[in-house]
Each structure stands twice: as structure tokens, then as C-alpha cells.
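Got chain B sorted already, so can you dock chain Z onto it with the hints?
Residue numbers (my numbering), protein chains in the order written: chain B, 1 to 588; chain Z, 1 to 588.
Calculated directly from the structure, the hints in this document are not laboratory data.
Where hints are given, some of them may not hold.
Same chains, same names: a pair is fine if it fits in one copy or spans any two.
Once the Cα atoms are required to be at most 25 angstroms apart in a straight line, the calculated BS3-like pairs of lysine-lysine come out as [as the list claims (entries may be wrong)]:
1) 310 <-> 370
2) 79 <-> 108
3) 106 <-> 493
4) 288 <-> 398
5) 137 <-> 313
Here's the letter readout for the chains.
There are 2 protein chains.
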Amino acid sequence: MRERVLAGRLSEQNIGESVLLKGWVQKRRDLGGLIFIDLRDKSGLVQVVFNPDHSKAALEAAEGVRTEYVLEVTGSVVKRDEGTINPAIATGRIEVVAKDLTILNKAKTPPFLIQDDTDVAEDLRLKYRYIDLRRNKLQETFKMRHQTTQAIRSFLNDDGFLEMETPILTKSTPEGARDYLVPSRVHHGQFYALPQSPQLFKQLIMMSGFEKYYQIARCFRDEDLRADRQPEFTQVDIETSFLTSDDIMDMTEQMMRRVLKEVGNVDISLPLPRMPYDEAMARFGSDKPDTRFGMELIHVSDIVEQSSFKVFKGAIESGGKVCLLNVKGQAVNYSRKDIDQLTDFVKVYGAKGLAWLKVDDGQLTGPIAKFLSDEEKNGLIERATAADGDLLLFGSDKTSIVYDSLGALRLKLGKELDLIDENTFHFLWVTDWPLLEYDEDLERYFAAHHPFTMPVEEDFDKLNTSPGDVRANAYDLVLNGYELGGGSLRIHKKEQQMKMLDVLGFTREAADEQFGFLLEALEYGAPPHGGIALGLDRIVMLLSGSSNLRDTILFPKTASASDLLTNAPNDVSKTQLDELSIQVNDKE
Amino acid sequence: MRERVLAGRLSEQNIGESVLLKGWVQKRRDLGGLIFIDLRDKSGLVQVVFNPDHSKAALEAAEGVRTEYVLEVTGSVVKRDEGTINPAIATGRIEVVAKDLTILNKAKTPPFLIQDDTDVAEDLRLKYRYIDLRRNKLQETFKMRHQTTQAIRSFLNDDGFLEMETPILTKSTPEGARDYLVPSRVHHGQFYALPQSPQLFKQLIMMSGFEKYYQIARCFRDEDLRADRQPEFTQVDIETSFLTSDDIMDMTEQMMRRVLKEVGNVDISLPLPRMPYDEAMARFGSDKPDTRFGMELIHVSDIVEQSSFKVFKGAIESGGKVCLLNVKGQAVNYSRKDIDQLTDFVKVYGAKGLAWLKVDDGQLTGPIAKFLSDEEKNGLIERATAADGDLLLFGSDKTSIVYDSLGALRLKLGKELDLIDENTFHFLWVTDWPLLEYDEDLERYFAAHHPFTMPVEEDFDKLNTSPGDVRANAYDLVLNGYELGGGSLRIHKKEQQMKMLDVLGFTREAADEQFGFLLEALEYGAPPHGGIALGLDRIVMLLSGSSNLRDTILFPKTASASDLLTNAPNDVSKTQLDELSIQVNDKE
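For reference, chain B alone in the conformation it holds in the complex:
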């Protein structure tokens, strides 16, 4: 039997060959008694011609053919006439003249066209995901996802890592996000949880003496979804023993360099820049700054602390800050109405308003100008290196609100004003994170990363005195303003882990109940260890130039965590529930 060839691989080199093709009908055209079919397979397209001079039978069979029919075609590769050459496709200099045609399967008219630029509603695309995925763009994305995982594996394998699998049916440890639960049939009233990450298992793997572990791991979080979240997602999960955080960051950088080179043919130079958390917040108002453009936050509290503009003065007196963004040369392009819209935007982040000034003929103008002394005005102009035509936008509030609102505003303006070079990859390590965050409502500390993160050694004693000042031995990797992931060294001594849980408000009993197995394992020769986890979906999103995380996941779920293709979740039978000894509460 003749071996099938791939449509997209045919070229002038094959002219004169008889070939067997199998694929889908991308398009059919009838022209002058001939039928032309663009036949598509995973490799691309080729034009097949049905010509009565060559095969009347094949032509007749082709008459019944419609878009997306699945065909088997034999024919000969011929050169196209000069006038019909199509330079837009790889096989555009040749065509296949059909000798035999078999219809392998029919197709109804698809609910939408299979083409790269689509404005079809996403819900319809998700319901017919198997049609959507036939689009070239998504085919390429999933090839790229494949290449990305293989490049990661190849790097880690070469570096002596073992790929290992941790359980999906695990123990619920409510610290962190909300768990997906799985009722046990055998153990009445008990539940497994799906892992939010393999964190504790990878630490146990280190305690098992494996030293270098990785996994392309599925993780689950039952959270209210945003555009860039999915209930299940995939992370590149790595853990090592005996390495320093510098070692782990170096290794990760080299891995990412290999990925970008192999998948995107992009060179990045190492080492990647690093920035302490405090600096990232102060300069960019973000713990994951997009460093592809400037327009950093400019701190001016010292200049305006005595200002008669009460908003500024009040913010500083209450322990907050005044910062500004200098939107260079944009004064003329932002009307009062435009600025009102920016004001609405920052209010989402808790800001009460958005003070502004414009620079005109060396002078600051705008509604608040009259509250500022000349000294203050000159100070601002100098600090902001403001020039004629610049627009200054102010944040003045609690520090966290100033950072959040101006950080978000900076990103918005960066995009609006086209300040971002979309073809560059700006990596950044954010280091020296706070270990703990204080929740003022609940009046307790939470772990900023997770409760197993190692404090910076010299800060350890502060756990007793000022827990909020303790830095973590942790690092996040940021790419173009997205957090790719992060990691840390972990606590490997029992007494330190107990101390940490104590600061987090765990009683001895609660600590034992939830993490007893870890605490015990720390007593049997736990090595110093640490690692990192990177979001694979997000890496692929950035590499493929997509802005929609769902385009990087083969069968994604909607914002309400539904699978529109299969209709999951769905109703199950009473028998199934009875076997699990559970029942559904009445709807309130």
C-alpha cells in the first residue's frame, strides 16, 4: 500500500510523483468544469484538482464533497501554471491532480469558519472546541506548547533532575486557596482534596533523598475565576536539595533561556536582572513590574508634605504617600473628560481621586496648582524632570493604594500610548519578599507565599518581635509584567516550622492535625531544600503572543468553571451520591 504523504510537505521537488493524501476540505471551488479543493492536514494545505480529463470518477465523487469532509485522495503532483501560483501558501507552486477520491467521513456545515482571524463568540468556539482547534493559529499554539514542555524536560533531564508524579487525590489543607474536594466512598464522611500545588509532596521528595525533582504538574484552585485563571492549570514544578536561592535562580534562568531559544528562537542574556520587592513596589507600584517601558512612580511626599493641598498633606500625615506619574508629552491629548475616565479607573484600586497637573510654558497648571507654593511646584518639576506638554498624575493615599492605583494606571497608559515593544521579553526576578502579610480584618498574619517558606536568616528573630518585617528567602520570576511563577527556600528544621505555624495562629493541635506528617518528616533528616514553580499555561501564552490563557489550554473552562463542550459539571445519579454517602442541600 502506498504510504500517505502530508499535504503541507509537498513542493516542486515532488513533481511527477504519485501521492496518497488524507485530510480535511478547507475550501472547495468549482471553475470551468473542474473542482478545486484545498486539502488540509496537520502539516498544512495543498490544492487538489479534479479534472475530467484525468479521472471522471474522481470528479464525480468530488461533486458531493463539502467543507470539512474527510477525504482520501490519490493523484499526481504537477507544477501549477504561472498564473495560478499562490505565493501565500507553502505548497503554492504545485497542485495534485486527483486520480481517486474516497470520502472517509462527511461533515455538516461548521458553525463558524475555520480561519485565523475570527470574531466568533468565545462560548460558541468553546462548545465546538474541536472545530476551533482546527484553526492554524491554535494548531501552532499547541505545537508550541509541546515544544515548550519538551525543551523544559530536556534541560532538566540534562541537569540530573528526575521527573516524578505526585498524587492528585490528596489531603485538604485549607490554608491557601479553596480546595476542590472529592468524597471518599470507603471512608464515610471523609474527603480527598485536589492539590493546589504539589508543595508538600515535593518537599517530602527532598526528604526522600532524591535531591532534584520536577513535574509538569496539574494544580487545582476552586476560586472565582478571572480572565487569566483556570480551575485547573499546569505548573512546571521543581525542587532541589542543598542548593542556594542563587543556584535555583541561575538554573531557572538557564532553563528559560533554552526554552526561548528552542521555541521562540529568541536570545536572552543572563544573568536576568533582580530587584527587591520593596524597590519594585516603589518604582513600579507592582510586585510584577512590566519593565518594557519606563514611566516609573516618582515619589514626592517630601516636597508636598507641608502643602496647603489637604489631600496631599492628609495622606502623608496618615502615614501614606504622594507619588506621581509623568506622562511625557501627553498633556494636550488628555482632556478633562479623559482624565475623569482615568479617575474612574484608579477608583477601582481604592483611590479617592486623581489629582493632575500639566506643564505649560514652564508652569504647572490645573485645578490643584493654586494650592501649591512656588517652591513645591519647582520641586515637582525638578523631581519629575517635567517639561512643557507633560501630564503629571498624582496618587496620594495609603501607600498600598498609591502603589496599586498608579501601578495599574501606569500599565494602562503604557498600553494606550503604545510605549511597549511587544516583541521583547523582559524578565525580572523580584526578591526579598515579605514573609508575612497582616490581615487587618482577621487581625492575623498570613503567609505571603506559603507557610513553608524560609525566612531570610538574619530576620529570623524578628518573628518574635516584628513579624511583618521578616523577609522571605523567596523569588518570583516576572516576564513582561506577568508573574511566571516563584519559589523559595523552605524551612527544613522542625522548630522553625513550628515557630512559623505559631506566628500564623495555628494551635499545636491544629498544626499537628494539618501538617503533622510534615513536622514529623522534618525530624528524620530533612535536607536543606528549595525550589520553584512556573505557570506553563502563562509561559505558552507569552511565547505564542496570545493574551487569552484559554487559547493555551486544550479544553479550557469558562469563567464559571464550566466545560461548554462536554457540559461539565453535570447532574449525577442518586445512586452515585448514595454510594458516597452525601446529598445535595436544598437550594436556598
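Then chain Z, alone, in the frame of chain B:
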């Protein structure tokens, strides 16, 4: 800073070097004022000597050291004295004389010794899995598991496959084994199910035009566990478009050849033997025959159908069979009492008894001999090529009971009599499976594999007339008597899939409710497709020479689906259940 070296990599080549080691204390011995420590890391062991002449401080520090302490040691590599060379370990010709010692972590006395031969109760090993995994044997098993998955990936990547991820939160389709369910928080009273396999998704991937897919996929079945079952397991999941079953079997064979070569350095010759299901049952009483030894079932119904031994005659008259095993030369080793034990053994498989004969001086002897005519006796001797000293064991009952009981007895005797060469790998394809199995209690057909399996083309019409006779276009791969996995071509036309569901007793509504998305997808240009799934855990078990599936899974569960290490499943809070709108029924 000096770079750490791995203990097991040191050799005479390193003599004179100063090295930095990190690892665990395998053993400590005090001798003549010196302390000897076997330091273990992931690469192996090296002996470290603490000698007051070299470093009094290090010796003093070593005095506090116990088994499984985690150490950092610097020292010099020296040649051992002739008399102290230890040929049993790779580094036995050298030792490291310690200069500095840092205790990185302490360890309590482990609950059991970390050594390869262990008789520690498995429950204790599972509770302290992180200690158990430090044993060399398990370290090697998980290296082998890693190598196995990489060899599989490397083969499939080279062959143009894409690795893709299918969802874990999917739709419950109760056909098959019992689903693990996951309550939805957002959709009141609805549930996800964990996938028993990615079957429907991989078919949808074919309908998405990807043509060659694989995944090292986690699968879940909530079944009562046997020794070789786990609630979650891993399969090498493969699907292809446009290939024949021969193509898929060829590809799988080549993949397995690569795995055995790369992981076990074992050569197997292709093509692998194939055997129709009916033949496997008739010759070995098993659909997964262990072909490493003979002792096949010998069919003698025709010889004894008129016998005055009513058990034989009755079995045949009721439509059953009489078969025997010739246990060559073992007559003298099986007393009546021994045979009684074998009788108890076959009763587990539904046999009512175990008739037997011995060959002595050319004559058949034994309790049933007197019921057999000379012609019958001679017929049996000839058919069984029985010789003096042979033991003949009979099964006579319904065919399925004869096959099950003699098939199991054959395996038992094969092991007992050491007929099996444990160092060989006997692969076998079992083909031409029945498509359907009839359940006499429920009076309906079930899919022998799953409802998406393609019938053999020429049998298709029999779906209307004699469904039980329809063969499936399916194939199982057997290794040394274990089913590694199996596959099939799938139905790719809607009307055939509807017909199949109809035969399985689905109403039109039930078919739509459960598989509507598949039926619809079949209408939009589904290509011919098929694939295979192989059990990774079992492949690793056979490659590593283990007989316990739990030794191939990093964190396995017990027969009651518990994780003894973390204590999963466990109780969860009422808040968690309330958020999911479920409650636990009272215990009956």
C-alpha cells in the same frame, strides 16, 4: 565557594583532591579513636574518616552524629589501605578524610533500617514513605520510571506526536468503572468527575485535526482495590488519525523495543507475536497468557464425551468442555493432600472439583481411572503426550470456568515448579476481541472495552442479529502474563456510534445526555482514528522486576485508598461542605 561533589562519583581518580560532600549518614562506626561515617547521597555512598590527626574539631563534631543526620563535609580523598578496601561498593578503594563538618540537620532514629532487603510491615513503610524511599532499591525504581517516561516521550516526539493535556475536572459518564466525583461550588448540585481515562478527549483531539497525540495521563477509578490496582494510576495514552490497527501495533512495538533497550538494555525482536483472543483462551485459559512457559490446556472433550465418568459427560452435555493440564514428571511430587490444596485453589474460580490421573508404567491411575475405557485412556495419553510420572489435572465445566480455573492453575504451577525464566520478556498481542459481553444477570450487553470501539468491518451487520459474535478491531499488549494495556480503532461515524449505543441499551435520550457532544462531533468531519493506552506503573513494575505496583508509585495508597503518610482522605470543615452545598449522610 567550592562546588559540591557527589559521593558515589568519587574514585581513585580523585585521590589527592579536596572535596565538599553533602548527604545523609548511612552508618557510623567508632574504631580506635576514629569515627567512620558512610555518607549517602543520591549517587551512592562514600566512607568519611574523622581522624584527630587531621581535624580534632571535625572529629568532635562527628561524635554527635547519628544515622540519617544530614551533613556537609569537606575533606581530602585518599586511597584506602589494602586491608580496608571494600569491593562491595563503587567507592570502596578510597575514603575521604574529614577536615570540616557541619550538621545541616539532625535526625531521630528512623523507625526502620534503610536497606534493600526489608521485612518491615508495608503500612509502616507507607507511613514513613520518605524514609522508605531512601532505600537504594526504590531510588533505582524511580530513576527507572523517569528513564521509561523519557524513552517513551523521546520515541513519540521523534515520530511526530504532540504531547497534550486533557482535563482532570470532566463530566461523569457512569458507563465503565465508578467515577470519583467533585462537587461544583458554582453550579448547585452538579459534579465533575475525574477521568477514568482521557478516552473521549483524545478522540476529540483527533476531531480537532492533531492526528498524533500522546499524554502520560493520570486516570482515576473508584473501585475496590486489589494488590495490583490503585485509585489513581498513570497511563501512556496515545491516539492517531488515519492509521490502521497494524500501523498502531507496529508503532507500539517499536516504542516498547526502544524502552526495553534504553531502560533495561534488553533486546526484543519484532514483530511481536499475535494471537486471537479465542486462541489465547483455548490454549492458555487466559486473555493475557504468560507465554514464558508451556503447559498449555489440552482439549479432550471429544475423547471423553461418552465417558461413564459423569462429571466429564455432564459438562460436555451442558455445552461445556473438558480440558487438562499435563504437569510433566510431577506425579511423584503431588500427594493426595497436595492435590486437595490445588482443588481448593480452583474452586475459587468456580470449579466444583479437580479430577486427576497419574501415569505409571504406561497406565493411568487415580480415582477416576476406573470410569474410563481403555480407548479413552489411550486417547488421553496420546493427546496429552503423557509419559510415566506425569500428572494430569482436569477441568470439566462451563467453558468459562474450565478456562479460568485451569488458566489460573497453570500460572500457579508454573511458578511453583519454577518453569518461568524471570529474566525474559515475552510480549504478545491478543487480537480479535469480542466487541460485547453479555451480562446474564442484567440481561444486557456491555462493551468489552468501551462503547467507542470499532467493530471488525465484516462483523458489523451482526450487531443486529448476533451481537455476541461481533469482533472488535481491538488489540491488547501482554507482557509476561500481565496486560500492559490495549487499544482499538474507534467508531468515527455517527450512525455507527448510535447503533452501538442502541445495542448497549441506551435510549436516544440517554445517549444524547451522556455522549451528545461526541455524537455531534462525529458529524463535523471526524477522521478515522484509533489508539492505545499502556499502564505506565505496570511497565515500570515489570522492568524493575518488582511484583508490587505500590513500589512503582511514589506516594501510593493502600487497599482502602488511604494515604498513610498524609492521612488522606480526612475530615473537612462544615464551612467547606456548605460552600459546596453538600452534606454527609448519617452513618447507617
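Taking the hints in turn, this is what the structure says about them:
For the homomeric pair residue 310 and residue 370, the shortest alpha-carbon distance inside one copy (12 angstroms) is at most 25 angstroms, but the shortest distance between copies (117 angstroms) is not. In this assembly of identical chains, the alpha carbons of residue 79 and residue 108 never lie at most 25 angstroms apart, being 33 angstroms within a copy and 78 angstroms across copies at closest. Proximity of residue 106 and residue 493 under a CA criterion of 25 angstroms is satisfied inter-copy only: 9 angstroms between copies versus 65 angstroms inside one chain copy. For the identical chains of this complex, residue 288 and residue 398 are intra-copy neighbours only, at 20 angstroms inside a copy versus 71 angstroms across copies, given an alpha-carbon limit of 25 angstroms.
Taking the shortest alpha-carbon separations for residue 137 and residue 313, neither the intra-copy value of 53 angstroms nor the inter-copy value of 69 angstroms comes in at or below 25 angstroms.
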